[in-house]
Amino acid sequence: MSRLTHLDEDGRARMVDVSGKEETVRTATAVGTLTCLPATLDKVRAGTTPKGSVIATAELAGLMAAKRTAELIPLCHPLPLAKAQVRIAIDESLPGFRAEAEVRTKAATGVEMEALTAVSITCLTLFDMLKAIDRSMVIGGIEVLSKSGGKSGDWLRSKE
Numbered sequence: 048m049s050r051l052t053h054l055d056e057d058g059r060a061r062m063v064d065v066s067g068k069e070e071t072v073r074t075a076t077a078v079g080t081l082t083c084l085p086a087t088l089d090k091v092r093a094g095t096t097p098k099g100s101v102i103a104t105a106e107l108a109g110l111m112a113a114k115r116t117a118e119l120i121p122l123c124h125p126l127p128l129a130k131a132q133v134r135i136a137i138d139e140s141l142p143g144f145r146a147e148a149e150v151r152t153k154a155a156t157g158v159e160m161e162a163l164t165a166v167s168i169t170c171l172t173l174f175d176m177l178k179a180i181d182r183s184m185v186i187g188g189i190e191v192l193s194k195s196g197g198k199s200g201d202w203l204r205s206k207e
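Residue numbering for the sequence shown is 48 to 207, as defined by our numbering.
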């Protein structure tokens, strides 16, 4: 049976020691969605929502969240981020918004949690900015699409 990496010999939570791992360039991309009413999309496009610039605010919130991931996730290592990018696109097929975050670092551990946190907070901010006009919104589909770097190498979610 393999030993759990985030527990010490006495079963207490601990941060994994990554000091012996090689620092490599590591990237991760994550996505998430917020579905809403078509009328909500119309108001966002027209710039007539009560709280102002919905997309710009949510993208900025996602960037800020990526930088603070270690403060939110108890056993996550604080990482020096070299890149964090969040993009929101209106997706008529949902209807709603599709958020994507890409995060990069040169470190001894990966940035999947930073990408997931960025997307999660982006979607939560969209919800907050639009809740006054649409209570039916649903956040979902938050997942890692890809990661690269480190000992385990590259990984890409299959499109099945």
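These are computed hints drawn from the structure, not numbers from a lab. Do not rely on the hints blindly, as some may be mistaken.
Restraint ranges, calculated between C-beta atoms of paired labels, are given here [what the hints assert, rightly or not]:
hint	residue 1	residue 2	range
1	G187	A117	24 to 32 Å
2	R92	R204	25 to 33 Å
3	G94	G67	46 to 54 Å
4	D64	W202	19 to 27 Å
5	A179	S199	20 to 28 Å
6	G99	E56	51 to 59 Å
What you are looking at is a predicted structure, and each value in this text was computed from that prediction instead of being measured. Just so it is clear, CB atoms sit at the ideal spot from N, CA and C, and this is done for glycine as well.
Status of the hints after comparison with the structure:
1. G187 - A117: 24 to 32 Å: Since the Cβ atoms of G187 and A117 sit about 25 Å apart, the hinted range of 24 to 32 Å holds.
2. R92 - R204: 25 to 33 Å: holds, 30 Å
3. G94 - G67: 46 to 54 Å: Cβ of G94 to Cβ of G67: about 52 Å, so the range 46 to 54 Å holds.
4. D64 - W202: 19 to 27 Å: Cβ of D64 to Cβ of W202: about 23 Å, so the range 19 to 27 Å holds.
5. A179 - S199: 20 to 28 Å: violated, 44 Å
6. G99 - E56: 51 to 59 Å: Distance hint for G99, E56 holds at roughly 53 Å.
Consistency with the previously given hints fails for number 5 only.
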